[in-house]
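Participant: Protein chains in written order, with this note's numbering: chain D, 1 to 285; chain G, 1 to 285; chain Y, 1 to 285; chain V, 1 to 285.
Treat the hints with caution; some may be incorrect.
Which copy? The list can't say, so a pair holds if one copy fits it or any two copies do.
Here are the simulated BS3-like pairs of lysine-lysine, each with C-alpha atoms no more than 27 Å apart in a straight line [unchecked claim]:
id, residue 1, residue 2
1, LYS42, LYS240
2, LYS149, LYS138
3, LYS42, LYS253
4, LYS273, LYS16
5, LYS273, LYS42
6, LYS138, LYS79
7, LYS42, LYS16
Please keep in mind that the hints were generated in silico from the structure rather than gathered at the bench.
4 protein chains.
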Amino acid sequence: MEESNAILLLSCPDRKGLVARLSNFIFLNNGNIVAADQYTSKWGEYFFMRIEWELNGFALSREEIPIVFAPLARQYDMKWTLHFTDYRPRMAIFVSRHLHCLHDLILRRHMGELDASIETVISNHTDARALVEQFGIKFFHFPITADSKNEQENRQLTLLRDMNIDLVVLARYMQILTGGFIGEYVNRMINIHHSFLPAFSGSNPYQQAYDRGVKIIGATAHYTTEQLDDGPIIAQDVVKISHRDTVTDIQTKSKDLERIVLARALRLHLDNKIIVYGAKTVVFE
Amino acid sequence: MEESNAILLLSCPDRKGLVARLSNFIFLNNGNIVAADQYTSKWGEYFFMRIEWELNGFALSREEIPIVFAPLARQYDMKWTLHFTDYRPRMAIFVSRHLHCLHDLILRRHMGELDASIETVISNHTDARALVEQFGIKFFHFPITADSKNEQENRQLTLLRDMNIDLVVLARYMQILTGGFIGEYVNRMINIHHSFLPAFSGSNPYQQAYDRGVKIIGATAHYTTEQLDDGPIIAQDVVKISHRDTVTDIQTKSKDLERIVLARALRLHLDNKIIVYGAKTVVFE
Amino acid sequence: MEESNAILLLSCPDRKGLVARLSNFIFLNNGNIVAADQYTSKWGEYFFMRIEWELNGFALSREEIPIVFAPLARQYDMKWTLHFTDYRPRMAIFVSRHLHCLHDLILRRHMGELDASIETVISNHTDARALVEQFGIKFFHFPITADSKNEQENRQLTLLRDMNIDLVVLARYMQILTGGFIGEYVNRMINIHHSFLPAFSGSNPYQQAYDRGVKIIGATAHYTTEQLDDGPIIAQDVVKISHRDTVTDIQTKSKDLERIVLARALRLHLDNKIIVYGAKTVVFE
Amino acid sequence: MEESNAILLLSCPDRKGLVARLSNFIFLNNGNIVAADQYTSKWGEYFFMRIEWELNGFALSREEIPIVFAPLARQYDMKWTLHFTDYRPRMAIFVSRHLHCLHDLILRRHMGELDASIETVISNHTDARALVEQFGIKFFHFPITADSKNEQENRQLTLLRDMNIDLVVLARYMQILTGGFIGEYVNRMINIHHSFLPAFSGSNPYQQAYDRGVKIIGATAHYTTEQLDDGPIIAQDVVKISHRDTVTDIQTKSKDLERIVLARALRLHLDNKIIVYGAKTVVFE
Numbered sequence: 001m002e003e004s005n006a007i008l009l010l011s012c013p014d015r016k017g018l019v020a021r022l023s024n025f026i027f028l029n030n031g032n033i034v035a036a037d038q039y040t041s042k043w044g045e046y047f048f049m050r051i052e053w054e055l056n057g058f059a060l061s062r063e064e065i066p067i068v069f070a071p072l073a074r075q076y077d078m079k080w081t082l083h084f085t086d087y088r089p090r091m092a093i094f095v096s097r098h099l100h101c102l103h104d105l106i107l108r109r110h111m112g113e114l115d116a117s118i119e120t121v122i123s124n125h126t127d128a129r130a131l132v133e134q135f136g137i138k139f140f141h142f143p144i145t146a147d148s149k150n151e152q153e154n155r156q157l158t159l160l161r162d163m164n165i166d167l168v169v170l171a172r173y174m175q176i177l178t179g180g181f182i183g184e185y186v187n188r189m190i191n192i193h194h195s196f197l198p199a200f201s202g203s204n205p206y207q208q209a210y211d212r213g214v215k216i217i218g219a220t221a222h223y224t225t226e227q228l229d230d231g232p233i234i235a236q237d238v239v240k241i242s243h244r245d246t247v248t249d250i251q252t253k254s255k256d257l258e259r260i261v262l263a264r265a266l267r268l269h270l271d272n273k274i275i276v277y278g279a280k281t282v283v284f285e
Numbered sequence: 001m002e003e004s005n006a007i008l009l010l011s012c013p014d015r016k017g018l019v020a021r022l023s024n025f026i027f028l029n030n031g032n033i034v035a036a037d038q039y040t041s042k043w044g045e046y047f048f049m050r051i052e053w054e055l056n057g058f059a060l061s062r063e064e065i066p067i068v069f070a071p072l073a074r075q076y077d078m079k080w081t082l083h084f085t086d087y088r089p090r091m092a093i094f095v096s097r098h099l100h101c102l103h104d105l106i107l108r109r110h111m112g113e114l115d116a117s118i119e120t121v122i123s124n125h126t127d128a129r130a131l132v133e134q135f136g137i138k139f140f141h142f143p144i145t146a147d148s149k150n151e152q153e154n155r156q157l158t159l160l161r162d163m164n165i166d167l168v169v170l171a172r173y174m175q176i177l178t179g180g181f182i183g184e185y186v187n188r189m190i191n192i193h194h195s196f197l198p199a200f201s202g203s204n205p206y207q208q209a210y211d212r213g214v215k216i217i218g219a220t221a222h223y224t225t226e227q228l229d230d231g232p233i234i235a236q237d238v239v240k241i242s243h244r245d246t247v248t249d250i251q252t253k254s255k256d257l258e259r260i261v262l263a264r265a266l267r268l269h270l271d272n273k274i275i276v277y278g279a280k281t282v283v284f285e
Numbered sequence: 001m002e003e004s005n006a007i008l009l010l011s012c013p014d015r016k017g018l019v020a021r022l023s024n025f026i027f028l029n030n031g032n033i034v035a036a037d038q039y040t041s042k043w044g045e046y047f048f049m050r051i052e053w054e055l056n057g058f059a060l061s062r063e064e065i066p067i068v069f070a071p072l073a074r075q076y077d078m079k080w081t082l083h084f085t086d087y088r089p090r091m092a093i094f095v096s097r098h099l100h101c102l103h104d105l106i107l108r109r110h111m112g113e114l115d116a117s118i119e120t121v122i123s124n125h126t127d128a129r130a131l132v133e134q135f136g137i138k139f140f141h142f143p144i145t146a147d148s149k150n151e152q153e154n155r156q157l158t159l160l161r162d163m164n165i166d167l168v169v170l171a172r173y174m175q176i177l178t179g180g181f182i183g184e185y186v187n188r189m190i191n192i193h194h195s196f197l198p199a200f201s202g203s204n205p206y207q208q209a210y211d212r213g214v215k216i217i218g219a220t221a222h223y224t225t226e227q228l229d230d231g232p233i234i235a236q237d238v239v240k241i242s243h244r245d246t247v248t249d250i251q252t253k254s255k256d257l258e259r260i261v262l263a264r265a266l267r268l269h270l271d272n273k274i275i276v277y278g279a280k281t282v283v284f285e
Numbered sequence: 001m002e003e004s005n006a007i008l009l010l011s012c013p014d015r016k017g018l019v020a021r022l023s024n025f026i027f028l029n030n031g032n033i034v035a036a037d038q039y040t041s042k043w044g045e046y047f048f049m050r051i052e053w054e055l056n057g058f059a060l061s062r063e064e065i066p067i068v069f070a071p072l073a074r075q076y077d078m079k080w081t082l083h084f085t086d087y088r089p090r091m092a093i094f095v096s097r098h099l100h101c102l103h104d105l106i107l108r109r110h111m112g113e114l115d116a117s118i119e120t121v122i123s124n125h126t127d128a129r130a131l132v133e134q135f136g137i138k139f140f141h142f143p144i145t146a147d148s149k150n151e152q153e154n155r156q157l158t159l160l161r162d163m164n165i166d167l168v169v170l171a172r173y174m175q176i177l178t179g180g181f182i183g184e185y186v187n188r189m190i191n192i193h194h195s196f197l198p199a200f201s202g203s204n205p206y207q208q209a210y211d212r213g214v215k216i217i218g219a220t221a222h223y224t225t226e227q228l229d230d231g232p233i234i235a236q237d238v239v240k241i242s243h244r245d246t247v248t249d250i251q252t253k254s255k256d257l258e259r260i261v262l263a264r265a266l267r268l269h270l271d272n273k274i275i276v277y278g279a280k281t282v283v284f285e
């Protein structure tokens, strides 16, 4: 007996009868909807939906679903993706020298909290190697210099392709990736930025926050785009600080926040709860 | 041209095809769904839905909708209510001597933030009279003693019926209402309790919080039931305190919180976003 | 018997023995310290202190305190101000057309929560007049055009001087003040900005937040400086939003936040708990 | 050159001149105060202080400080403790089968965030053994039955004494300790409880929160006392939930919270920022 569910994420211009058509598609194929979320953008008149149903008893096989659904999707000019809840995405984590987010993800994997496999950890430094290998995960070191950057990125890309990586997590990776690299992982590359974007984008947001004298700091997880720190935001959270907090204190507080925010964004992505439209996200929490 | 929307709030045992049946009902009557939220309780196998569609162009008049919908609802054993977005519920506010929540509601009404009319303010004291009347709202004073309690409640009820009150707000009303009174306003009477329930129910939660030395205090808005402070929770929020906060400081901080939480609960109720089931609420935010 | 306290706010280069000298000054004049907070900036080696003691039994009269303290202050190169807890600062509130913060302050005054008198409300529009006058507060209308701006500001300044205003609150006043005006109220003019500064400074932060797709919005209260939205931050707070929130929803949520944040900043200022240094604040909460 | 600081934590009945006497004590011995926090309880007229000064240049050796300070302390009837910032407390962590807090603490130690050594992990189960030993930490398994409980506790106590443990952390240890055990670690044993105390004390707070339908859940770190879940609270925090959250979802959200709250409480304890009085704490944050 099939225990898994199918999830359809879709968006299209709003039209009368969309929900009826979509729920009929599933009902007429004998599917049981277990979750449905929709949102109609008030300004753009655009329709977004996440619909999840049981594969058990469904009249179509996994392979047939997209074939049968495609004409309906075409008729409404839909963008759509289909997912199955028993597929575990293959993840690669990029880090530099700040390892708190990496540690946190390894720990969540160890506790069975992560619905993805960590296939590899890639770094421009070697600080993470011992811990990563201790947990039986493959570690690759790609030192980056101004001269070697393009070549190293190409080698990284080859590695990611060879490993069939679905999702790239930049867990405090301090290198700016080229557009070519990013283009291969559109809406499949998540970055954690250590500020409450759009405030304090760029380098050293801890110092920027300290200098400006803000009373609250934040962290932001977003899909990576070519525009640095400008991708669609998935999750943000904040924590209070005061004049007593040094830059080091800010960093310590922020590190806890970054871990939580990145983990939350990852969970939303892995649960297929995010639809990107333009520079923004619809998140069905 | 009709600018208003219809909203259906419903719950029933989960069955295959529910979403399809409901969306077809609207689509086949030429309705345009503008918002739909559903939730299936994982344990109880119970289905909840809020569905909102434009009356403009809809094939059924307001009066016909319930008549045509009733057979479908019966077939699925639904509990349901129907609302129209242009109806402004008629509200009565009960207060005693702490007037911050009352002030806040009057102010929101004055700013046009409240989708309800404040028909009257009722109190067992006269502290609120001047302010209430200054804003052109009717004020009634019902002093309560142990002896007069039942009689006064009956007179209050008569007044509420005469005024066709839809919604009673207990905005820090320090009298315990009898079951008979509450029974007339099931899921239509909202209380604000000045603690993070279920902690510190009963009297003087500020002092209780101070004595226990908690580091966070809260406020809770809930539908009133016969069990004191035990009704279905609509909204809660919290604020940090420290050892430096006296009982008076706790009160000052809490008052801001109570205003916000009560206003949020009211907004959810007036937007018809709440379904009560058992001792809990489904809130479609 | 004197019930009031004295409060000394001071800052100076850090030196050994500062706390001893200051506490001795009070002790040797038979004062009882009821609160003392200090902070030493780790980078600048700068010392900040707030010290509060009972006037009852103190050997020096209010007039003598600054005379006797001055030589000690000079010796340590202190910047300092002296305050008495029974003095109620005289406040002027500037507004334009968004009146939620003004309403909130009037309401707090009415409830006795505000340790200041609202001497006048000044506006470039007349929307606020009815409410303000209804509460017995003087209202002045200064319409502003590009041509009349300087002249009107001069007339406003004359009015403020005539009324002996201690504190100016810009409660959503949509005019940019000139440096000359601001210069008269250095660290005595508080502005509420409807974003989480430094994000979304300038005009229409609600729209900016919507366009960027942030998941959290904020409000910031700060002392006004010539650099727009760049003054020392006193208080900030945030609230979550989602893709479902329209610009209007963002505004509604923000308005609650702005009221809370401005009130908190005002309370800190009126309790003499803030020392400004450079572009930042030390806040002894 | 001595880089370390001394910290005095003290409390006593409030008297005039206390701050002067204490700061003179340090100044006259040529000490430089780097941080001082005080608090006078308004009701109990009780005085609390944390004072930190540089040992470098201080006229008294570490051994002399308590000898010279004792008479002054006696005169004011002080309770006091003396700490040095270069001492790393020796910690023992107790766990059962939920390992997220343990993992988090091991990770923080690995990242150098923890100013204490983890000398041992003790459990009534063996789930934690592999991870603990992987990080080179000693693991001891003490299975507990109703019959063996007292005997096993005695053996645990002997072990803790032999290891000179300063601080016991109950990181989700699901056994109730006897008064004798707790009595040896008064104000030196920290427990994390997975609810917002005093709500949902006792067993299975996740289920309790679900059943009650609260909209916010919390976690509480407190010193352990004989009264279960009733010890002085050090830190609390909360996170929002909704009707969509199952008991498992509540657990997942809570686990992140528990890690953060326990870590925050530990940091406050290790920084010597907590004074316990009665059933409450003064926390100099």
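Participant: Against each hint, give a clear statement of whether it holds in the structure.
Facilitator: Going down the list of hints, with the structure as the test:
no.	hint	in the structure
1	LYS42 x LYS240	between (34 Å within a copy, 19 Å between copies)
2	LYS149 x LYS138	within (22 Å within a copy, 44 Å between copies)
3	LYS42 x LYS253	between (38 Å within a copy, 18 Å between copies)
4	LYS273 x LYS16	both (24 Å within a copy, 23 Å between copies)
5	LYS273 x LYS42	both (20 Å within a copy, 18 Å between copies)
6	LYS138 x LYS79	neither (35 Å within a copy, 55 Å between copies)
7	LYS42 x LYS16	within (14 Å within a copy, 30 Å between copies)
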